[in-house]
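Here's the letter readout for the chains.
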Amino acid sequence: MNAAIVVFFKEVLENLRDRRTVMNALLLGPLLGPLLFVGLTSLLITRELDRGEKPIEVSIVGVEHAPNLVQFLRQNGVKPKPAVDDPETRVRVQDEDMVLRIPADYAEAWNAGKTAQVELLFDSSQRDAASSVERLRGLVQAYSNQTGALRLLARGLSPAVATPVLVASRDQSTPQSRATLLFAMLPYFLILAGFMGGMYLAIDTTAGERERQSLEPLFANPVPRSRILAGKLAATFAFAMASLGLSLLAFGFAGRFIPVEKLGMVLDFGPHFAAVALLVMVPLVLLASCLQTLIAAFAKSYREAQTYLSLLLLVPMLPSAILAVLPLKAESWMFGVPLLSQHLIITRLVRAEIVTAQQLLLCLICGLVAAALVALVTTHVYKSEKLAISG
Amino acid sequence: MIEVDDLHKAFGAVKAVDGVSFAARDGEITGLLGPNGAGKTTTLRMLYTLMTPDRGAVRVDGLDAASQADAVRRRLGVLPDARGLYKRLTARENIEYFARLHGLDAQTMRSRCETLIQALEMQDIAARRSEGFSQGQRVKTAIARALVHDPRNIILDEPTNGLDVMATRAMRNFLRKLRDEGRCVLFSSHIMQEVAALCDRIVVIAKGRVVAQGTADELRAQTGEANLEDAFVHIIGSGEGLAA
Numbered sequence: 001m002n003a004a005i006v007v008f009f010k011e012v013l014e015n016l017r018d019r020r021t022v023m024n025a026l027l028l029g030p031l032l033g034p035l036l037f038v039g040l041t042s043l044l045i046t047r048e049l050d051r052g053e054k055p056i057e058v059s060i061v062g063v064e065h066a067p068n069l070v071q072f073l074r075q076n077g078v079k080p081k082p083a084v085d086d087p088e089t090r091v092r093v094q095d096e097d098m099v100l101r102i103p104a105d106y107a108e109a110w111n112a113g114k115t116a117q118v119e120l121l122f123d124s125s126q127r128d129a130a131s132s133v134e135r136l137r138g139l140v141q142a143y144s145n146q147t148g149a150l151r152l153l154a155r156g157l158s159p160a161v162a163t164p165v166l167v168a169s170r171d172q173s174t175p176q177s178r179a180t181l182l183f184a185m186l187p188y189f190l191i192l193a194g195f196m197g198g199m200y201l202a203i204d205t206t207a208g209e210r211e212r213q214s215l216e217p218l219f220a221n222p223v224p225r226s227r228i229l230a231g232k233l234a235a236t237f238a239f240a241m242a243s244l245g246l247s248l249l250a251f252g253f254a255g256r257f258i259p260v261e262k263l264g265m266v267l268d269f270g271p272h273f274a275a276v277a278l279l280v281m282v283p284l285v286l287l288a289s290c291l292q293t294l295i296a297a298f299a300k301s302y303r304e305a306q307t308y309l310s311l312l313l314l315v316p317m318l319p320s321a322i323l324a325v326l327p328l329k330a331e332s333w334m335f336g337v338p339l340l341s342q343h344l345i346i347t348r349l350v351r352a353e354i355v356t357a358q359q360l361l362l363c364l365i366c367g368l369v370a371a372a373l374v375a376l377v378t379t380h381v382y383k384s385e386k387l388a389i390s391g
Numbered sequence: 001m002i003e004v005d006d007l008h009k010a011f012g013a014v015k016a017v018d019g020v021s022f023a024a025r026d027g028e029i030t031g032l033l034g035p036n037g038a039g040k041t042t043t044l045r046m047l048y049t050l051m052t053p054d055r056g057a058v059r060v061d062g063l064d065a066a067s068q069a070d071a072v073r074r075r076l077g078v079l080p081d082a083r084g085l086y087k088r089l090t091a092r093e094n095i096e097y098f099a100r101l102h103g104l105d106a107q108t109m110r111s112r113c114e115t116l117i118q119a120l121e122m123q124d125i126a127a128r129r130s131e132g133f134s135q136g137q138r139v140k141t142a143i144a145r146a147l148v149h150d151p152r153n154i155i156l157d158e159p160t161n162g163l164d165v166m167a168t169r170a171m172r173n174f175l176r177k178l179r180d181e182g183r184c185v186l187f188s189s190h191i192m193q194e195v196a197a198l199c200d201r202i203v204v205i206a207k208g209r210v211v212a213q214g215t216a217d218e219l220r221a222q223t224g225e226a227n228l229e230d231a232f233v234h235i236i237g238s239g240e241g242l243a244a
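Line order of the protein sequences matches chains A and B.
What the first sequence shows, in the UniProt record's numbering, is residues 1 to 391, in sequence order.
What the second sequence shows, in the UniProt record's numbering, is residues 1 to 244, in sequence order.
To be clear, the hints were calculated from the coordinates, so they are not data collected in a lab.
Ideal placement from N, C-alpha and C gives every residue a C-beta, glycine not left out.
Treat the hints with care, since some could be wrong.
[Unchecked claim] Listed below are the simulated DMTMM-like cross-link pairs for lysine to aspartate or glutamate, each with C-alpha atoms no more than 20 Å apart in a straight line:
{"no.": "1", "chain 1": "A", "residue 1": "K386", "chain 2": "B", "residue 2": "D81"}
{"no.": "2", "chain 1": "B", "residue 1": "K15", "chain 2": "B", "residue 2": "D54"}
{"no.": "3", "chain 1": "B", "residue 1": "K15", "chain 2": "A", "residue 2": "E385"}
{"no.": "4", "chain 1": "A", "residue 1": "K383", "chain 2": "B", "residue 2": "D70"}
{"no.": "5", "chain 1": "A", "residue 1": "K383", "chain 2": "B", "residue 2": "D54"}
{"no.": "6", "chain 1": "B", "residue 1": "K87", "chain 2": "A", "residue 2": "E385"}
{"no.": "7", "chain 1": "A", "residue 1": "K386", "chain 2": "B", "residue 2": "D54"}
{"no.": "8", "chain 1": "A", "residue 1": "K300", "chain 2": "B", "residue 2": "D54"}
{"no.": "9", "chain 1": "A", "residue 1": "K79", "chain 2": "A", "residue 2": "E119"}
{"no.": "10", "chain 1": "B", "residue 1": "K207", "chain 2": "B", "residue 2": "D230"}
{"no.": "11", "chain 1": "B", "residue 1": "K87", "chain 2": "A", "residue 2": "D18"}
{"no.": "12", "chain 1": "A", "residue 1": "K81", "chain 2": "A", "residue 2": "E64"}
[Unchecked claim] Label-pair restraints from in silico Cβ distances:
{"no.": "13", "chain 1": "B", "residue 1": "E181", "chain 2": "A", "residue 2": "L31", "range": "54 to 62 Å"}
{"no.": "14", "chain 1": "B", "residue 1": "D150", "chain 2": "A", "residue 2": "H272", "range": "24 to 32 Å"}
{"no.": "15", "chain 1": "A", "residue 1": "V315", "chain 2": "B", "residue 2": "T52", "range": "30 to 38 Å"}
{"no.": "16", "chain 1": "A", "residue 1": "L314", "chain 2": "B", "residue 2": "M166", "range": "52 to 60 Å"}
Required output: the full structure, derived from the provided sequences and hints.
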């Protein structure tokens, strides 16, 4: 039997017997992503739906000054609450999302045919209330337009006189494209599973083995170090892919519980998605395994390696974070950048959009080349004299 | 047969090994004696090709360690200074792992494992995971896995370190048995009594150099001291580091 295969099986067996590794790589890593994703998206969707349909509850100060306006609001889904004292403070401390104040001189101005003022108190830094504020503002504006039109008609003029230009909004976004944040998170969860799955093996097989002083006897065997490294990398890669596979299964299962159809979205976690996602992740997981082993080889102790590799877990968050904040248009070169390409392709897949063979090939080839380069560097480091010596 | 010719190894400005030459013959136990920090471990590490010498050559059964490292490692059984086991594997699995790395076939592996487990009297621990092994049990397992490929040459770095009296006695008998089978046994120690009790030939190392070599009688005659301990002190120049 080839020495690399011997090393591979021994590392797999040994790590399957380690409860912590199994918990992290095969349970926590793969399940964390899907659970978070399902939880967050369900929350997001439910709230989005609620907000559009729920009556707006708003405290109105001075209801008695404008009974017609209040009546109009009531008819259009506003539930007036009793007036509050010191509305400015109440809004600032977020007791109230917003307060509508009708001043005492409202009726006077109204009757005189002048522009009557109402005040809308809100906190624009509180994004949660933004849609309710917008709805209320729109309602008051609608009431104003309606009354204005009636007044013009009463004077024998066409309401069009007062509206020389009208903007007609035609929103071309789809529910899919609006849920950017949602989709930006998803690849990260998958990539995280791949990174976490191999992390403990990368540490255990290099820094851990040196700390336990078993690397020196291992290197006394008549096996080239590159073969030993190949076996260890293969074991790390296998655990990472297993973690990723379980994660994809969990997504497939959990995907059924996300009420996407209520928003008219498509979220495809089916077998096709899983198969292609697994394929595009191969180079990235390989790259991660090599990188993790390389970093663990430099660390002086198990703990040090753990610290570095935990920091490495944050790296795959970068494209997710950047694309969530400033959604870039996907250029073709981006499919040649490891991490970014996986991110783009997985996002496309889950939206049931088309991924071309060219994009797929570019992602696979560039990823494999990058992984091979890091593997070469790792092999070089593995040959160094200092690697085996613990004391 | 292990031949060492003018080995040098420096770590930065520190010359750990500064011209070491000796030969360890088949059917003999050769002891590498020296105080702590004399360069024994570094010398041995160059013998089993973990480190590359700055200068000098190592030959095992006539094979050059620099150009034929794999072949040399195949002829060596090594108990290094670091003798960590795999805690989540049983003693037998630990031994079998090294047997597989040596490319032994399944039948040879089984029979070699059985022989060694008998010879080292480790039947009671063979099926136990090595986590929680005593020092003696750990050394036995480490020796068994070092000898699983039936090597002609055996290198042991401080093999009795941390062992109690009974385990030390058992270890000495085991080494004598290896010698009587015609193998070349080379071990290092900083304990004079140990070397005196066991070795056919003694190589004394201090400050990275060989300061004397020969049988115990030759060393006594060379220094004109009747007592071996006095002879060592005479050779090294001080009693420092020669712990009893």
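Hints, one by one, checked against the model:
Between A/K386 and B/D81 the CA atoms are separated by roughly 15 Å; this keeps the pair inside 20 Å, and the hint holds. Restraint check for B/K15 and B/D54: satisfied, since their Cα atoms lie roughly 10 Å apart, inside the 20 Å limit. At roughly 16 Å between alpha-carbon atoms, B/K15 and A/E385 fall within 20 Å of each other, so this suggested pair holds. Distance restraint check for A/K383 and B/D70: the Cα-Cα separation of roughly 14 Å lies within the 20 Å cut-off, and the hinted pair is therefore satisfied.
A threshold of 20 Å between alpha carbons decides the hint, and for A/K383 with B/D54 the separation of about 16 Å falls inside it, so the pair holds. This hinted pair does not check out: B/K87 and A/E385 have alpha carbons roughly 25 Å apart, beyond 20 Å. Between A/K386 and B/D54 the CA atoms are separated by roughly 15 Å; this keeps the pair inside 20 Å, and the hint holds. In summary, the hint linking A/K300 to B/D54 is not supported, as the alpha carbons are separated by about 25 Å, beyond the 20 Å threshold.
For the proposed pair A/K79 and A/E119, the alpha carbon gap of about 17 Å is at most 20 Å, so the pair holds. The suggested pairing of B/K207 with B/D230 holds, with an alpha-carbon distance near 19 Å, which does not exceed 20 Å. With a C-alpha separation of about 10 Å, the suggested pairing of B/K87 with A/D18 holds against the 20 Å cut-off. Proximity of A/K81 to A/E64 is assessed by CA-CA distance (about 13 Å); at most 20 Å being required, the pair is judged to hold.
Our hint of 54 to 62 Å for B/E181 and A/L31 holds, since their Cβ atoms are close to 56 Å apart. In this structure the supplied range 24 to 32 Å is violated for B/D150 paired with A/H272, their Cβ-Cβ distance being about 55 Å. A hinted range of 30 to 38 Å holds for the C-beta pair A/V315 and B/T52, which are about 36 Å apart. For the pair A/L314 and B/M166, the beta carbons lie near 54 Å from each other, so the given range of 52 to 60 Å is met.
The structure is inconsistent with the numbered hints 6, 8, 14, although it conforms to all the rest.
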